[in-house]
Amino acid sequence: MTADLNVGAGRESAAARTLIQLTAVTKRYQGAPAVNDVNLTVEPGDAVAVMGPSGSGKSTLLNLIAGLDRPTSGSVLVAGERVDEMGETGAARFRRREIGMIFQFFNLLEDLTVQDNVLLPAQLAGVRHRRARAQAGELLARLGIDRYANTYPGRLSGGERQRVAIARALVNSPPLLLADEPTGAVDTATGEEIGRLLLDLNHEGQTLLLVTHSPDLAARYAKRTVQLVDGEVISDTVAAGRPERAQEPRP
Amino acid sequence: MSGAAVLKAAVGGMTRRSVQTGVIVLVLAAASAAALLGLTLGADANAQFLGAFASQHGADLAVTVDSAKVTTAELNRTRRLPGVTAAVGPYPETAVYLAGMKHTPGSTPRLPTHPGMTPPPGLAVVGRRSAGGPLDDITISQGHWATRPGQIVLSVKAQYPSQRIGGKVTVTSAPGRPQLTVVGYGSTVVGDEQAWVAPDEIAALRAKGAPAHVEMLYTFSSASTSAQITADLAGLRAALPAGAITDSISWLDLDSMVAATSAINTPYVVAFAIIALVLAVLIVANLASAMVAAGYRRIGVLKSLGFTPVQVACVYLAQIGLPALLGAIAGTVLGDRWVLPVLNGGPFKAQPVPLWIGLTAPVGMLALAASATLVPALRAGRLSAVQAIAAGQAPRAGHGYLAHRLAVTLRLPRPVSIGLAAPFSRPARSVVTLAAITSGLAAVVLAAGLNTSLANVRKDSDLLGQAVQVGDLPVGPSRVGAPGFTRPLTQSRQRRIRAALRSQPGTLQYAAAAWTDASVPRVGSSVPLTAYNGNVSGLGWDLTAGHWYTGPGQVVVNTAHAKTAGHTAGHAVVNTAQADTARLRIGQTIDMTIGGKTFSARIVGKVYAPPASLWGTLFTSRQTVSGARGLSVDFYEVGLAPGTSQQRYEAALSRTLGPSFLVTAFSFGVNGEIGTYAALDTSLIRLLTILVAVLAGLGVLSCVLMLARERVHDLGIFKAIGMTPPQTITMVTCWVITPGIAAAIIALPAGIAVHNIVIHAINNDQQPASLRAALLSTLEHVFTPGELTLLTLAALAAAAIGALGPAIWAAASKTTTALRAE
Ligand SMILES: Nc1ncnc2c1ncn2[C@@H]1O[C@H](COP(=O)(O)OP(=O)(O)OP(=O)(O)O)[C@@H](O)[C@H]1O
Ligand SMILES: [Mg+2]
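Residue numbers (my numbering), protein chains in the order written: chain A, 744 to 994; chain B, -4 to 817.
Wrong hints could be hidden among the right ones.
[To be verified] Interface residues of chain B toward chain A, partial, derived using beta-carbon atoms under 7 Å:
no., residue
1, A226
2, R409
3, T485
4, Q486
5, V707
6, D709
7, I712
8, A715
9, G717
10, M718
[What the hints assert, rightly or not] Pairwise CB distance ranges (calculated):
no., chain 1, residue 1, chain 2, residue 2, range
11, B, L785, A, G830, 50 to 60 Å
12, A, E831, B, R159, 56 to 66 Å
13, B, I796, A, N893, 33 to 43 Å
14, A, A982, B, I796, 56 to 66 Å
15, B, L321, A, G833, 49 to 59 Å
16, A, R898, B, L329, 45 to 55 Å
[Unchecked claim] Not close to chain A: a few residues of chain B, all C-beta gaps over 10 Å, as computed:
no., residue
17, A63
18, K64
19, T66
20, A126
21, P144
22, P170
23, V370
24, Q722
25, L786
26, T787
27, A806
Treat the hints as calculated values from the structure; they're not laboratory data.
Each residue gets a CB set at the ideal place from its N, CA and C atoms; glycine is no exception.
Given the sequences, and given the hints that come with them, work out the whole structure.
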């Protein structure tokens, strides 16, 4: 673990305040709500697994937190900002700063190299080129994929691709990492690997919200599990003592 | 599986992709309209005229007869002359001046004329009981026929400020200045009269002391060439007392005017039409392949449902074919109703588009669209279901590595560099975008070039010959375009004219001119000849070859009528058997027989001034034909010193001479009355440019839209990782910048090359030397570097605007939906 990686050290004040606060959030497309009257609080440094059957609203919940979607009612407060009240441009800026996202199918840009994929959020945010490259280089090395820096994603295995996606999600050092079934498209062994990686990140202070179908993964790598059914939270349990609580984020 | 299933799948595809469907309709419509235009003009330039001629039962020859010199019996005898197949008339005829014609008798009539026509000394008015034939039907386009006294029908080509139906015109030349009510507008195909009234009205409209005239119209068994017409006319003259026929005009005169017009306008219409076709094919091919590429998964699904390869191919053919059919029909109707009438601003009533063209344009466009669709459609048909579903999920990668690296090294903002590099990862799509921008820009360059050339030619032609003719004020009707001096000048009036010319500042040189007819073997028995007293080289006659005569025994010929399109009883045929002035060679010696006496002269130069019967066929010095019987002085022709204002000179001269003289100004060259009968039709160029620009815009729009659709998933990713809407719009707009720059680089030389080809095509050897020189000079440098830069920037701006719509669509599309489109 590289000490100067600064993972999760978004801002000092964030340590003190609640990172995610959903209050009575409902999202309705047509018919039954996809997310129904959800209240959820996530503190900095938490690792929360969101579980539930297919169509229960897990992805929708993540999208609402990321500002990719607006709730029909309720408020979404992330890092002290009202995500549900942001415009498109504001939400995009907010995502760059506060959120890293990874997906089941990686969602890498196929015609950019691994390095360019990872650099992209930093470049969009206008980070100085030299600094962005340094940050990307460290992340790639840290995730063990630096030798693929100039390779196109199409050549990589599923596990390697997901590592690239994680590196891309973390390049702007966001306080919050959202992962939507990050192990859903890889074999069990690779899934394990990704899980460990996320756990390590969490140990370094990275707040993590993880959607998964795997109770095993949830049990092993998350302190807390939220169960969704038909868009409603039916249980929110904190595993007793295991895994051990992550250290407080460094100042 | 029935056709219904195919149709249903196709309709489903169309409604899901309404923008593409709309683009196809528009593209096919614009291209079909352009094709219709190109074919109509390119196929037979004179078909319009010949069509009008046939449908209006045009007369081969219209003659004006001095009533005082003939009896009705004599006129009736001409109906049964050998060779005469039909004759109508006599219709009473006279010339009038109308208030508002911006002239008073004695000064030059200044009327709006169509290019190439001398302002007539007055409006020729004919008295006819009805608009119907049997020869030369008058087509009433507005209002109704003049049936009662006090009514007048004006010609649509009337050289008279437009007057609404029900409005009044005052005849200033007739005793008591009678007022007439305009009750209609009509057009005649050969007769060149400007207005019609009831027959009894003519007497009241005749100027005081003017002799009475009648018009007779004839068709002949042979009237296909100018030689035959000359012979026909000679037959009529022989059958009537000497001097009875004061004037005549033949269908060939008008035909050659039309031919001269289309010779100039056809080349660029065809050039534009070709650009439009190329664009249309590219756009349709692009849309079809995009539809197939975007629909890979759908193809897989269709196949797994049991669609055969042929049926899948049919789905895609139908998806393009149905809107294409709609567009082709709409374009053809539009072209017929809207575009061609613009073309027919010329002297003739618009003719319906010939059926074969009306069918060929849309069917041809459909065939082109179908062939452009065929390759992608067949590819769709051949694709295996598994392949298709897999291909739908995995975008290809690896293209454009260098471009990306370059864009990154340039240190541009990331959305800009990604946008700039994007075209390289979709080479085929980018090539179409490139072609669309290139064609659009080339069309604009062509149009701008033609306009610039036109302006240059105009500028040059302003410096060209401007002349003034002076003679007795004519009192009888005179043909449109004829200088109209019908009475020989007496000695004393000649002296008055010479004195006025000598004292008038701006006079460069002048010559007394005489009109006569000569019989020339192999040319005709009654060839109009103008004999100038002295040298008139400075008058500005614009030669197509050789030089003006420099002394006695030399002659200049008018080669108008070189085109021997002919007709018999309303059918268009081509007769090339007859000898004609076009066959005369410079250096050749001809014999001219005038009044029984034969004179020899060597041909030293050629002019092209259609119709030859108005401007004359042979020009020589009076000494060449000295001693010829009946040679009088009919008018004076005056050349003006450089820098002299023609208008002011003309006004001053008519003030000096008083109202009993007629001073007419005319000019040679592009906008002049003599030389070229047509100018480039700027409104037509503008219309075609708009048509091609619309097509190019649609091309850019469809390419960017396809790209955005294909990249909707990538766009979702961009947004998920923090790309703002303005950044998205910037990126998508930048997609077209690279093709835009490349297009500018290609299109500028291409457009200039096409412009030069068009200019060369216009610049045939029937054009006067000065026009040819002016046209050639425009090939040198049409554009300044500044203009080129401006055009390039304009192209980029236009491309960017075309891309903006899809860019905004991309920015507004929902990220969540995009990411779900897995
Ligand atoms: N953009 C959308 N438009 C309409 N309905 C939607 C949209 N997104 C999600 N839904 C609906 O909302 C519900 C929840 O969907 P969501 O994708 O959040 O489920 P999920 O828990 O992530 O399921 P899975 O485990 O299969 O990924 C579903 O019924 C889905 O059909
Ligand atoms: Mg989901």
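- Could you work out which earlier hints the structure fails to respect and list their numbers in ascending sequence? 1, 3, 4, 5, 11, 15, 24, 27
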